[in-house]
Amino acid sequence: MDTINLLFILILSVFIGFELISKVPSTLHTPLMSGSNAISGITIVGALLALHAGDAHDPWMIGLGVAAVIFASINVVGGYLVTDRMLGMFIQKRSDDK
Amino acid sequence: MDTINLLFILILSVFIGFELISKVPSTLHTPLMSGSNAISGITIVGALLALHAGDAHDPWMIGLGVAAVIFASINVVGGYLVTDRMLGMFIQKRSDDK
Amino acid sequence: MSTTQLIIELCYIVAAGLFIFGIKMLGSAKTAKRGNLVSSLGMLLAVVATLAKGGLDYRWIAGGIIVGGLIGAVAAKRVAMTAMPEMVALFNGFGGIASLLVGWAEYHRSWSSGFPLHWGSLLPIFLAVLIGGITFTGSMVAYGKLSEKLSSKPLLFPGQGLFNALLLVIVIGIGIAYCMPTIEAKYALLLAIVGISLVLGVLAVIPIGGGDMPVVISLLNSYSGIAACAAGFVISNKVLIVAGALVGASGLILTAIMCKAMNRSLTNVLFSGFGSAGGSQGAAVEGEVNPISADDAYYILEAASSVLFVPGYGMAVAQAQHAVRELGSILTARGTDVRYAVHPVAGRMPGHMNVLLAEANVDYDQLVEPDDVNPTMGSVDVCLVIGANDVVNPAAREDTTSPIYGMPIIEVDRARTVFVLKRSMRSGFAGIENPLFFKENSRMLFGDAKTSITHLIEQFKD
Amino acid sequence: MSTTQLIIELCYIVAAGLFIFGIKMLGSAKTAKRGNLVSSLGMLLAVVATLAKGGLDYRWIAGGIIVGGLIGAVAAKRVAMTAMPEMVALFNGFGGIASLLVGWAEYHRSWSSGFPLHWGSLLPIFLAVLIGGITFTGSMVAYGKLSEKLSSKPLLFPGQGLFNALLLVIVIGIGIAYCMPTIEAKYALLLAIVGISLVLGVLAVIPIGGGDMPVVISLLNSYSGIAACAAGFVISNKVLIVAGALVGASGLILTAIMCKAMNRSLTNVLFSGFGSAGGSQGAAVEGEVNPISADDAYYILEAASSVLFVPGYGMAVAQAQHAVRELGSILTARGTDVRYAVHPVAGRMPGHMNVLLAEANVDYDQLVEPDDVNPTMGSVDVCLVIGANDVVNPAAREDTTSPIYGMPIIEVDRARTVFVLKRSMRSGFAGIENPLFFKENSRMLFGDAKTSITHLIEQFKD
Amino acid sequence: MAMIPASIAKLVKLGLEVQVEAGLGRHIHVTDDAYRDAGAGITLDRRQLIGEADIVLRVRRPPDDEIAWFRQGAIHISYLDPFNEKELVQRLAAAHVSAISMEMIPRTTLAQKMDALSSQASLAGYVSVILAAERLNRVLPMMMTPAGTITPSNVFVLGAGVAGLQAIATAKRLGARVTAFDIRPSSAMEVESLGAKFLKIDLGETGQTKEGYAVELSPEQLAKQREGQARQCAQSDIVITTAQLFGRKAPVLITRDVVERMKPGSVIVDMAVESGGNVEGSRLDEEVEINGVRILGHGNLPGRVPDHASQVYASNLTNLITHFWDSEAGRLSLDTSDEIMRGCLVTHAGSIVNERLNMRK
Amino acid sequence: MAMIPASIAKLVKLGLEVQVEAGLGRHIHVTDDAYRDAGAGITLDRRQLIGEADIVLRVRRPPDDEIAWFRQGAIHISYLDPFNEKELVQRLAAAHVSAISMEMIPRTTLAQKMDALSSQASLAGYVSVILAAERLNRVLPMMMTPAGTITPSNVFVLGAGVAGLQAIATAKRLGARVTAFDIRPSSAMEVESLGAKFLKIDLGETGQTKEGYAVELSPEQLAKQREGQARQCAQSDIVITTAQLFGRKAPVLITRDVVERMKPGSVIVDMAVESGGNVEGSRLDEEVEINGVRILGHGNLPGRVPDHASQVYASNLTNLITHFWDSEAGRLSLDTSDEIMRGCLVTHAGSIVNERLNMRK
Ligand SMILES: NC(=O)c1ccc[n+]([C@@H]2O[C@H](COP(=O)([O-])OP(=O)(O)OC[C@H]3O[C@@H](n4cnc5c(N)ncnc54)[C@H](OP(=O)(O)O)[C@@H]3O)[C@@H](O)[C@H]2O)c1
Ligand SMILES: NC(=O)c1ccc[n+]([C@@H]2O[C@H](COP(=O)([O-])OP(=O)(O)OC[C@H]3O[C@@H](n4cnc5c(N)ncnc54)[C@H](OP(=O)(O)O)[C@@H]3O)[C@@H](O)[C@H]2O)c1
Ligand SMILES: NC(=O)c1ccc[n+]([C@@H]2O[C@H](COP(=O)([O-])OP(=O)(O)OC[C@H]3O[C@@H](n4cnc5c(N)ncnc54)[C@H](O)[C@@H]3O)[C@@H](O)[C@H]2O)c1
Ligand SMILES: NC(=O)c1ccc[n+]([C@@H]2O[C@H](COP(=O)([O-])OP(=O)(O)OC[C@H]3O[C@@H](n4cnc5c(N)ncnc54)[C@H](O)[C@@H]3O)[C@@H](O)[C@H]2O)c1
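Same order as they appear, the protein sequences are chains W, R, E, P, Z and D. Numbering that gives the first Met the number 0 numbers the first residue of the first sequence as 0 and each following residue consecutively. Numbering that gives the first Met the number 0 numbers the first residue of the second sequence as 0 and each following residue consecutively. Numbering that gives the first Met the number 0 numbers the first residue of the third sequence as 0 and each following residue consecutively. Numbering that gives the first Met the number 0 numbers the first residue of the fourth sequence as 0 and each following residue consecutively. Numbering that gives the first Met the number 0 numbers the first residue of the fifth sequence as 0 and each following residue consecutively. Numbering that gives the first Met the number 0 numbers the first residue of the sixth sequence as 0 and each following residue consecutively.
Careful, some of the hints might be misleading.
[Unchecked claim] Here are the simulated DSBU-like cross-link-like pairs (lysine-lysine), alpha carbons at most 35 Å apart as the crow flies: (1) Z:K196 x P:K460; (2) D:K196 x D:K248; (3) E:K460 x P:K32; (4) P:K76 x R:K22; (5) E:K32 x R:K22; (6) E:K259 x P:K32; (7) Z:K223 x Z:K248; (8) E:K32 x E:K76; (9) Z:K85 x Z:K9; (10) E:K76 x E:K52; (11) D:K12 x Z:K262; (12) P:K460 x P:K29; (13) P:K460 x E:K32; (14) P:K152 x E:K259; (15) E:K259 x P:K460; (16) D:K248 x D:K199; (17) R:K22 x E:K52; (18) Z:K196 x D:K199.
[Said to hold, decoys possible] Computed footprint of chain R on chain E; a stretch qualifies when at least three of its residues, placed anywhere within it, have a C-beta under 8 Å from a C-beta of chain R: (19) 9-23; (20) 29-36; (21) 44-52; (22) 214-220; (23) 227-234; (24) 338-352.
Treat the hints as calculated values from the structure; they're not laboratory data. Glycine included, each C-beta is placed from N, C-alpha and C at the ideal position.
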């Protein structure tokens, strides 16, 4: 039952994902990509959960978990910051135009 | 957990519902209303499930269930048919215009 | 999970998808008919899947479906074209009562089995019953008003608003009690909820005038979706939740759109008892300026079947003639009757408007003079006053002390709705105040005329 | 369910909502910056909620987050504006490998605890690892190409396509085996999957030219969303599923949009190794007409920074001048450089185009003659040929036997992309075939010119 | 210009008895019969016509000898040019004629319908461009042709009042590049509202009477203006001058040296020629050529489109009468508490009653 | 019309030596010095000028007496009207002059740049409307004014070739209601492409030569056409006729009774007057008035905008020479295997070489 629920959730999310963006100005292509890339860093939640206190004895678990957390953090933090910088440029350019 | 899942599903559905229609030509207002009214007849599923074979001994259950099924069926069948008729008129009118 | 169950659940997922597509397709003229088919397929799938579940009382079900289906089919086939909206109201009410019954039945089962329910189940039951009940009687009243079985006039009694609010508070109180694990005698509470919800439905719709019924039905339709959604929580059924939520949410949006097209707010529709209170209220708002955004103006324009453009010096200043003509063409292409009323002194030289409109290729045949258009002004749905001021100043008709008293004007204030496109409240060449801006049917669309018109055009395109 | 758990789950719901709003807002210039903020808030909420769960190994977590966060922050701050796309590729790759590791760790835990997993958990692990791995190395290669650490030329070896396909089949085979309850030695299989997925990522991106990397990154971004989604199924975490699915779905849409803006199909981008095979392929399609729809043309036009209109008799016949000017104004307003090239013999009388363009209020300064525009034609992104035919016929330059050989034409075929708006393949006044229509950079936008232009305009407005 | 039958029909409907001089509409191809069909009587003898009339409508001032023919208290409505025709005005007053001067109608929104200056100026503006285009040695619009590109002609309009604006509009229509200048502060916007360019010359403070007329410039300002315009004139193929100062001599805006710097073959239309001329060397009703530049000094430009000129003038007269007609008393109300009547009534009951006129004396 | 300096500069750049008759550009305000600056020599004596030239460029046919002055083998480029000027052609052939007739340039896309008929017709079309507007007793555009609405004038254009189309465009610009008619099957679309209305008259089969010229109608068809047009003419304020049949007399499309049914004050421009006229009663270079309708028969309409007429004619000549210039041989190539040259070369090496001309004999 739980899997079915998750599937339901998946399908609905996919619907939303397809509806969300339709016509994006070309100047926004890269920022949008970058921004949603940062969101895909949500896998950090999985990485965190992989570092169960109960597994502390297993160096393999710790290794995999820590590596996952590091990589995911880079993705999340770097992703959001770089997107923000891009959009900053963008807005600046637009106000320059005026 | 199950309730949380259902809540998740609810929220996502509401999001989709809000995104689905944005600018509807005024000629479509009534048909759209009528069409989604037919969908709200989905409560028929609940009505069906109320008529558990196990409850056959309880006339109250049967009464409530059968009444629910009848009302819901009217809503579903009538709703779809009347919408279809409306849209038929609509399309006819549009082809008349040409 | 058994395979049957899995398949059933998958069917529900597909059905939910079909509903989503169905509603989306219903929103555009080209796909609407197919959209209805798609959503009906979803319904069929959901019903069949549910029946496949087994353990149901099929005889009663068959009976119920046949009886209900027949009634529905016959009603839908027989109804006259003009009576369709009230038929929708009726159907919608039935959907509401069905949700109420589902909630009730579910409670009854737990009650008779003696197995107490958790508040997580009682709350949805309460909501399903309450909203279902309101939807039912509300829709019935709407049906009655539309079919003129009831007086379509708003029915008001003193203190009604207060009474309704009180009733609502009471029923919510009962609902809370109903959900509390400590409280006994839940069945009685439930019956009380049923009763009050039915009364509330009647009381909520009775004070609304017949002309506003379409909006009310749309809102009640959204409610019946919410009721179905609540019923879904009662029986933990996802397809009910999804479909109900879709209808609930999109129904709200549709209601908002319909309100905008009537140039009304939802509150105004629901609580003003407009038809009766209109007169006095009109006087009350005199002296008030109503601004409107291009987005909102769109809905009104879109629903208009007769539109009159009244260009003035402001159109020339904004060089908006091309945009105006384009908006005109768009409206014409949609079947709206479009004309351009040119006042002889509009602009700053004789024939000023003619030069501009000719440049923009407006057909000579669409130009009308004040004398021709004034007698039929009452049947104009929307008047777009584009940077004109003095030439549409009703003071010329109404105010004997006005320096332009006696001048023939274009009497736009007599149209159903007037949009005045200008940048500010400043006066025109003659330097006099314009009472038009304060009329109840006037909406000020502030901003450069070209920008405003372009905005309006954008709304039409997508 | 404990209250903490409830709150965590509610936080997840809110986070999911924030992601939805965030992506939506990122899609429009006005709200993009706020959108990124909103989505980052969602991320924060999700992370905090997860940490609140308790029972985690907080020291390692803190270390990991600090190290990763610092690296990410410094990289993001330091990177030159121009190098941002490759930085995105890098980050994206890290997201992919993280999903791979999450899948792996989850399997490792079950393996070390000796508690065998159901296929319903193994399948997501397989998908998370496979897609995560492909995303990782694929992104690294994209990074290498963009930063010119790798040759940005497509790298091809014979039989590469076949080899890739084979590898894919093999890894899927292994995946199926991995999910089967009967098969032992799953850890080895998993490691094989990890290995092959990493190789696949490299092989898939290596043959693609540097110019197409943005599209590839966008696609890989969508993949990393899917990987995260799969990881979500692995650990039954809804916020992962929702966020991953959102990114996966919207990323696909974005990829499609970017392909359209480059006037390419996704297949073409992924499999042609275009940069190298382009030449021969160009010759191959000669003699073929490429129609295009207004919808697709929009994406190309939208991305153009220099647009040239070339009106001809067809514009006059369609009376499309007003629509053309409007499209021109829209483009100009967006900062596109817009000019109108008027050929002396265009139309059916000298000055025919001038009359029409003047009527539509096209500025005299935007009109250019062939002699002025031809030398700079190479830098024109999009040429819109609006019902012109003879005056843009390259036969006048190329075909010595042509009756118009030697006539100066507007050399639109030398622009990056040419849209030819006409109703059919019929010839113009001179009655001769036009090789322009068969050129590789030409797209035929069939239909009445006014209708087509109006369609294009509509695309710009919403 | 003359009365047209449609307007006569309106007056008759209002309850007036209308007599028309025989042959009145000859030059606009309207026969006596047409007037008769509209309800007018035809009178051959002008003396009798005037002698019997309560109201006399005409275009121009009455000849001196006819003034004696009027009945005491008769109303005479026409152009009078009262600022310059002082003697005539005195004579009319002496004859106890109530004279209404069409050029004195105030330029208010309400009075527009009887404002003959506006309606005629508008036609004149159109005619000026047609005339200039006909005389010019080039075409106005741009044409990109196989035999090279024909660049659009430059038209410069000086004075953007009613006539100037119509000239701008007409030249724009024909595809010319149009620039204009005026000294009234609001005129830049008015010019741009027709899609033409406004020439920017900084003259410092300029004014506008409450009637909307321009205030005369100081000599320094005028010099500045001339200088600012000179280059524009030199570039122009057609220059149209409409600058007038109500009741005064028109300012000279284009001096001979500017004319000499213009391209041979260009054309100047001096629309202010009747009130003294904006162009040095222009002569009423003549085409003067200086250095290859033709200066057109045609008076009465609206007279070149007599059909429409008659139509609008007749409407103005009819509107005036309709506006002031007191149907109960069966006569025109000359109540000077009315702003419009106060503005346009020049003589009444034996004296000169017009404020503006009396002020100026 | 005359050569302009810019074109001369082009020829000089091509490597030709150019001599210009003194005073050539007087009427378009071009001085001899301007020509000299462009690289031309100035010659006072025409006889010497012609006697020494390899190529002679001019507008109209050479006078008979000058033919003797030519060198043998000299090339003469001008309008010749060879179908009607048979004698002249024979004389040129006899003098061993290679004569190129500008009106014989084929109407193909490639030849457009040297097609003087088109470029002049285009100007003529513009001029015809300006002229008519100047003569008309009304204004063309619609004006809704306080003094009543001025309805737009109706313009009817007969023959929608190059001149007709330009006339349509110009009248449309001025705001008139424009209707047009032509017998070529493709012309309805061409008229509508300018936003004007095409008058529908069913004439049955009509043709078009491969050159694009109209084929003469049968007498029945012509009668049908006249009848179909009559009502449109009667409603029109301006009628412009441009109907020509290449090398033949123009058809009479408007008979006297149609003129008489038109409104007095209307104007007809007969642009075909030089080849016989489309209007009964029109006379070359005269303005005839019939029943109040003015029929303008001005020849050489492009000559009324001499600046531009000269510019485009000079370009046409220059383009022709540039096109055929054999820079190696340093002379004009008269190769009749070239379609354009075959079309326009009338006499060469002592005989008449033009097919169309020889066919018609
Ligand atoms: N026809 C003639 O021959 C002639 C000649 C001279 C004077 N007049 C007088 O001019 C007046 C004409 O009346 P009318 O109604 O046409 O004009 P109006 O009364 O002068 O009003 C024009 C309005 O346009 C608005 N406006 C200006 N620029 C605008 C822009 N860019 N976008 C939007 N709105 C803009 C102004 O309001 P905001 O400033 O708030 O935007 C103004 O109130 C009459 O009083 C008439 O007597 C006529
Ligand atoms: N300038 C002059 O004075 C003059 C005079 C006479 C002739 N010409 C000749 O005319 C030609 C002019 O060249 P051009 O390139 O302007 O025109 P063209 O070569 O005649 O081509 C016009 C094209 O427009 C298309 N078209 C027609 N109606 C259309 C509509 N409603 N929507 C979209 N397309 C439409 C037609 O194709 P579809 O049918 O497929 O739509 C046709 O191929 C030259 O050959 C020139 O020599 C010029
Ligand atoms: N209320 C109405 O409906 C209405 C109708 C018509 C005119 N008017 C107003 O009446 C006024 C006069 O119009 P008119 O056409 O009769 O004016 P006019 O004939 O008196 O003068 C013509 C123009 O010449 C200009 N001028 C004067 N001196 C100048 C100089 N030195 N250089 C350049 N230009 C100079 C004036 O400003 C005016 O615009 C205008 O303000 C007009 O808007 C109002
Ligand atoms: N290839 C090119 O670029 C090019 C350039 C210019 C002209 N042309 C073509 O050359 C042809 C001739 O043009 P033109 O302007 O020199 O023509 P023209 O001067 O010979 O005749 C003028 C018009 O009169 C029309 N006509 C003849 N008899 C008529 C009648 N009885 N009633 C009404 N109209 C009648 C003709 O059809 C023609 O359109 C046209 O087809 C034109 O398209 C082609």
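Evaluated hints:
| no. | hint | result |
| --- | --- | --- |
| 1 | Z:K196 x P:K460 | holds (30 Å) |
| 2 | D:K196 x D:K248 | holds (27 Å) |
| 3 | E:K460 x P:K32 | holds (26 Å) |
| 4 | P:K76 x R:K22 | violated (42 Å) |
| 5 | E:K32 x R:K22 | holds (17 Å) |
| 6 | E:K259 x P:K32 | holds (30 Å) |
| 7 | Z:K223 x Z:K248 | holds (19 Å) |
| 8 | E:K32 x E:K76 | holds (17 Å) |
| 9 | Z:K85 x Z:K9 | holds (33 Å) |
| 10 | E:K76 x E:K52 | holds (32 Å) |
| 11 | D:K12 x Z:K262 | holds (27 Å) |
| 12 | P:K460 x P:K29 | holds (15 Å) |
| 13 | P:K460 x E:K32 | holds (26 Å) |
| 14 | P:K152 x E:K259 | violated (56 Å) |
| 15 | E:K259 x P:K460 | holds (21 Å) |
| 16 | D:K248 x D:K199 | holds (25 Å) |
| 17 | R:K22 x E:K52 | violated (39 Å) |
| 18 | Z:K196 x D:K199 | violated (42 Å) |
| 19 | 9-23 | holds (count 6) |
| 20 | 29-36 | holds (count 5) |
| 21 | 44-52 | holds (count 5) |
| 22 | 214-220 | holds (count 3) |
| 23 | 227-234 | holds (count 7) |
| 24 | 338-352 | violated (count 0) |
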